[in-house]
Each structure stands twice: as structure tokens, then as C-alpha cells.
Amino acid sequence: MNSPQIILASDVQPSGPLGNVSAVEQKLSPFETVWGIGAVRKTALILVLAIIWQVYATYLDNPLLFPTLSDTLITLYDRFVDGTLPNRIWTTLQILFMGYFAGTVLAALLTVVAINTQIGTDFLETMTAMFNPLPAISLLPLALIWFGLGASSLVFVLIHSVLWAVALNTHSGFLGVSRTLRMVGANYGLTGLPYVLKILVPAAFPSILTGLKIGWAFAWRTLIAAELVFGVSSGQGGLGWFIFENRNLLDIPAVFAGLLTVIIIGLIVENLVFQTIERHTIQKWGMKE
Amino acid sequence: MLQVTPAAIDRPASATKPPLLEVDKVTLRYKTPNLLVTATESVSFSVNESDRFVLLGPSGCGKSTLLKAIGGYMTPSAGTIHINGRQVKRPGPDRMMVFQEFDQLMPWKTVLENVMFPLTVARKLPKHEAETIAREYIDKVKLTRAVDSYPHTLSGGMKQRVAIARGMAMQPDILLMDEPFAALDALTRRQMQDELLQLWEDTKFTVIFVTHSIAEAIKISNRILLLSPHPGRVKAEVVHVDEARQDDGSAAALERDIHNLLFASEPGHKE
Chain A
1 MNSPQIILAS
11 DVQPSGPLGN
21 VSAVEQKLSP
31 FETVWGIGAV
41 RKTALILVLA
51 IIWQVYATYL
61 DNPLLFPTLS
71 DTLITLYDRF
81 VDGTLPNRIW
91 TTLQILFMGY
101 FAGTVLAALL
111 TVVAINTQIG
121 TDFLETMTAM
131 FNPLPAISLL
141 PLALIWFGLG
151 ASSLVFVLIH
161 SVLWAVALNT
171 HSGFLGVSRT
181 LRMVGANYGL
191 TGLPYVLKIL
201 VPAAFPSILT
211 GLKIGWAFAW
221 RTLIAAELVF
231 GVSSGQGGLG
241 WFIFENRNLL
251 DIPAVFAGLL
261 TVIIIGLIVE
271 NLVFQTIERH
281 TIQKWGMKE
Chain B
1 MLQVTPAAID
11 RPASATKPPL
21 LEVDKVTLRY
31 KTPNLLVTAT
41 ESVSFSVNES
51 DRFVLLGPSG
61 CGKSTLLKAI
71 GGYMTPSAGT
81 IHINGRQVKR
91 PGPDRMMVFQ
101 EFDQLMPWKT
111 VLENVMFPLT
121 VARKLPKHEA
131 ETIAREYIDK
141 VKLTRAVDSY
151 PHTLSGGMKQ
161 RVAIARGMAM
171 QPDILLMDEP
181 FAALDALTRR
191 QMQDELLQLW
201 EDTKFTVIFV
211 THSIAEAIKI
221 SNRILLLSPH
231 PGRVKAEVVH
241 VDEARQDDGS
251 AAALERDIHN
261 LLFASEPGHK
271 E
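Chains as they are written, first to last, in the working numbering: chain A, 1 to 289; chain B, 1 to 271.
Derived by calculation from the structure, the hints in this document are not laboratory data. This one's a predicted model, so the numbers in the text were calculated from it and none came from an experiment. The C-beta atom is built at its ideal place from N, Cα and C for all residues, glycine as well. The reader is advised that the hints may include incorrect statements.
Among the chain B residues that face chain A by a calculated CB cut under 10 Å, a handful are [stated by the list, open to error]: (1) 68; (2) 96; (3) 261.
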């Protein structure tokens, strides 16, 4: 005759209270800890590439075609110290921020209208479908006729490069907000702008951030390209113009120094600015793995 | 004692107080791309204060749709819904919803901020007052230790507890719960049912609870409305459900009765 019976674990394994407790957590080795940091791995990669560059350029020995890394860095340092590069960077960034800011604000207005009205949605969808495939730089000749040689032409082209990417991503982010969250927002009596700002914007933040990143990348590339075509506004050119000018002077290390500056600024914004925002928002909220 | 009254017969006249919620001959229809679906047809019932009212029925009986209509997310194509004499027209914080989905919490807010949010937004309470109330209800659902955690670090059961705390902290006229424990594992689900009953003992809030589990309905409710599917119609109402006991087998008997009633029209169906 068997009947159900509960046998407690302590009866089976008669061990002391802390008898055979094995370690649940164990520290990783220092190398594993350091290698786990993405920045460390990437820095190592960059160092390897820098060494390859230096070795190859020394072997080639033709500073007119391909200067060595050390030449480039020395020129970069010189131009920084004599104030040329900081000036050029400042000119470029000023225009960039103007265009980026204006483009983002316009995108915000467009998407708020689009999410609240049907006609706004149609307008946004049609406009993004039309203008998103159009490279912003192709509007430059037109902009030059409309606004003349100056910052306003560049800002116009920048707005075009930022606006559609940000608006498209923000809008699709809004549409992707879960039905449950939208119902929760409605439950609290939120409508119109408070609803957009308190529910939709944070819920769609991963998409919005993606849009801002793409917008930034488009804007940065477009601006440098535009400056290559015409760079001098009010007697002070930007980074693109710096590259173009030095090519004409056959100062190739300076051209490389200019390119390096473009890369470094791009890296700083993408890896420091955006990643910091990401870490403090969507990563903290568990909205990104 | 337990009784199952057919829908048509008059319900036992409730106390002198008018019912808190009155659903009168409500027909709900919604459109799919190529169909007009009738979810419920001429459904009437009323809920009194401190009722634990369960809408029970097989899938397709329109119980969730009915709850959404009470929540104000849908307008009935016929009939009216009144709460405290006011007609329900849009969603509002007097009817707090607790959903089945875990993503009902705002991932960008901590547990405390999630519970505080409707208090500051909908009830316009000052921050410190909202925080006091929020902390009190977070304590009630036993999440004191997780108060500053973000939702993605919580388990499913903890998330539902936050949602319940958030709903209760608003002290709504009615708490609407749409299968809140359906996505939980069986053990957690049991625990949550017990905790919900304990909370009810504390504050005697009014709740409408949607479920498709007969056992859950019997455990939680004092009244059950049985709905039949396609379209949803009232089949019966079970009252004094809280008299059913596990130990003398009356709960099991009631469960069997309800099961037979719900599936009576399907001859092939066996348990």
C-alpha cells in the first residue's frame, strides 16, 4: 500500500548547514573583464590599422599620393596649433547645428500633425516617399540660385537631409507604440500634445533616436560634400573647404589631416554623444538589448 | 447558498443603493477589413459597490470587448453604459484598466514613477502627495524592495502587481481587469489570485474581472456573469459565489455546473 509522501531534501542529503555550498558567483579574469569592454576592442583594432597605414606609407615613400600617418598627425597638430583647423571646425559645426536643429524641429512639427490627423499622415507619407530618396546634395545648385552663396544655402540643404530621415523614423516609431500603452495613455485622460509628449515620444524613443542618428550622419556627409563644392561664406570656409583648398595647394598631408578631422568628429558624435544618450535612456529602460 | 439564475428571471433586488455600474442592452460591433462583427448583443447587467464581478465565457463571447466598452474605448452601437449615473463616453481615470499584456507599464519609468504617473497626470496631485500614496500601494502589493527598479528587470507577476497597484492607487470607481493573470505561470497565478483577494479584504474596491478560467472565476468573484459566444449574450448569472468552499467540494460542484451550462449546446464536448 503506497500513498503520496513528501520527502524533504534535507532528509536525503544530511549535510551541515554550509556543508557543500559551491560558489555561485565567480570573478572573471582581468583579461576577460578588459576584453569585454567594446571600446577596448575597437581601440585595439584602430591601433592595428594605424600601424598598417604607417608601414605601407613608409614603404610607398610618396607623400604626394599617400603620406605617412606620422606626417598626417604632425600636420594635424600644426594646423590645430596655428588655429586654422579649430576655425574651420567651428564654421562647419555652426552651420551643422543650425541645419540639424531646424530640421529636427520641423520633423517634430510634421509628425505631431501626422499622428493627430489623417491628412497630416498622408502628407508626411507622400513627402517622405518623394524626398527621402533624393540626395540632399542634389538640391545644392537650386539652393545656390535661391539663397546665394552663403550659409543659408547650406542650412537649406541640411534641413532637407535631416528632416525626412527624422520624420520617417519618428512617425514609424509612433505607429509602432503598442496598443496597450496607447490605451493606458487614454485611460489617464491624456489627449493631443500631452499624450504625444508623455506616452508616444518616450515609447517611440528607440526609433526617434535611430532617426536622429541617421539624420546626423546624412547632415554631416552632406555638409562636408557641400563645402567641397563651395566653401567660402563670409570669408571663412569650413572643413570641406579646408580639404579642397589644400588639395589645390598639393598639401596632401593637410588633406589627410582634414579627412581625419572629419572622421574624428563623426566618431565623437556617434560614439560619445549618441551612445551616452542611449545608455541613459533606452538601455536603462531595457528597450534595447 | 449557491444559485444559478437564468438570465431572464429577475435578479434578487439589491439593497436600496442604486448600482454603481449599469450596462443596459448593450450591443457592440466592430469592423474588420471585410466583416462587421457583432461581439455582444443586448447584454444587460449591473455591478454594485464592492462587487467582485467576473465576466466569464469561452473565447468569442465578447467579454473583453464588453470590458473595453465599459472602459470607454468603444461606443456601443445600441444600449447605454452608466457609471454613477454618468454615461460612459470615453476612457477616463474613474475606470482604471489592468491589462493582460506585460507592456502596459511604461518602460521608461521606475515602479514608483509608474504608479505615481496617473496620480500626477489624471488626478493632478502634487508630487510628494502622489509619492506617499504610490508608496503605500506599492507596499500593499509587496513590491517595497523593487520600488526604484525599471519594469524590464521585473518578473511577469511583479509587473502585474505594479499594474494592479497603479490601478488601485487611483482609487477608481471601478477597477477593470482584462485577464490580468492569463499570461502568468500556474503557480504565480494562484499566488496573485490570493493576493488580489487579500487586497480586496483590505479596501473592498469594486472590480470587474474578465477570465476564461471557470476555476479562477469561482475563486475570485462573488458574482459571475456567464456569456455565450457568437454573438455574446448573457446566459446566466451566478450569485453568492463567495459561499462556495474548496473543502466541502461545493466549489468543484459549482465549477462542474458552470462547465455543463457553458458547453451544454455542444453535444460532442466532454471534459
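Cross-check of the supplied hints:
1. 68: 8 Å, holds
2. 96: 7 Å, holds
3. 261: 32 Å, violated
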